[in-house]
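Protein chains: 2
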Amino acid sequence: MKMREDYTCPLELVHDMIKGKWKPIILWRLRLGKTSLSKLEQDIQGITQKMLLQHLKELMEYGFVEKQTYSGYPLHVEYYLSDPMGKEIIEALRIMQHIGITYLEKNGKAEELLKKHIIPD
Amino acid sequence: MKMREDYTCPLELVHDMIKGKWKPIILWRLRLGKTSLSKLEQDIQGITQKMLLQHLKELMEYGFVEKQTYSGYPLHVEYYLSDPMGKEIIEALRIMQHIGITYLEKNGKAEELLKKHIIPD
DNA sequence: CTGGATCCCGAATGATACTG
DNA sequence: CAGTATCATTCGGGATCCAG
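Just so you know, the protein sequences line up as chains A and B, in that order.
Sequence positions in the first sequence follow our numbering and run 1 to 121.
Sequence positions in the second sequence follow our numbering and run 1 to 121.
If you are wondering where the hints come from, they were derived from the structure by calculation, not from laboratory data.
There could be a bad hint or two in this list.
Partner residues are not named here, just some residues of chain B that face chain A (Cβ under 8 Å, in silico) [claimed, not checked]:
hint : residue
1    : Glu-5
2    : Thr-8
3    : Pro-10
4    : Leu-11
5    : Leu-13
6    : Trp-28
7    : Gly-33
8    : Glu-41
9    : Gln-42
10   : Ile-44
11   : Glu-88
12   : Ala-92
13   : Leu-104
14   : Gly-108
Subject to a maximum C-alpha distance of 20 Å in a straight line, what follows is the list of computed EDC-like cross-link-like pairs (lysine to aspartate or glutamate) [claimed, not checked]:
hint : chain 1 : residue 1 : chain 2 : residue 2
15   : B       : Lys-21    : A       : Asp-16
16   : B       : Lys-106   : A       : Glu-78
17   : B       : Lys-87    : A       : Glu-91
18   : A       : Lys-106   : B       : Glu-61
19   : A       : Lys-19    : B       : Glu-91
20   : B       : Lys-21    : A       : Asp-43
21   : B       : Lys-106   : A       : Glu-61
22   : A       : Lys-106   : B       : Asp-6
Since this is a predicted model, take the numbers as computed values, not measurements.
Where is the CB? At the ideal position from N, CA and C, for every residue including glycine.
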């Protein structure tokens, strides 16, 4: 994810930070608490390990996500939202979630999409 | 802006709706009230009329923005945020704006960017 | 061996320049 | 302004590497 040199507004910077295809869902899933890479891979349907790692890495660089590595066996790493940046972005995503649900209900496509929606609100 | 067929979550749908390079800033500017195309073009530095029109069109298709055409002379068109969808997304953008400002302050790059930031909070 | 992480490359998409 | 061409980025597959 390449960042621009200039932004007219701080908002644009943040928008770029979360603009990847999988970033919103990853954050949304992380809102439920710490998890491992493999658990994330299971919960987010369609994502590959590679994409997951790439997006997690970027989210860590910007400061939304942090990770903790436990040495020992079996090897274990946990990812979680940072405080306050990670927690704050969730509030923005929550609004988007609300808009999305309303939009789908209005257009009668709610069931179709809400059924798949495994990550709870 | 091509939309996907499936989304795992309504949030992703909305994220895609506003994912273009200029969409957040256009919405942010519209928050200040109705305006014409040319006024938008002036206020959003670096945008071309073509990009502006393309993104406005998409924002109208999704329902964030509406336009009103005044017949008469000179010909006049005004764009504005829809209610409630347009107004709601502003709340999400406001959070991003806040995160962005905090981030820039922490990294000592606040002045540099905040100076350019012509659109008021 | 297992789970976590990186590299290389082609295909799809987005942004912008160019043109009528 | 719309249509097309061009250029930069992003996505995703697959191989591969690294560390307990």
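> Hint by hint, which ones does the structure fall short of?
Replying inline: Structure breaks hints 1, 7, 8, 9, 14, 16, 20.
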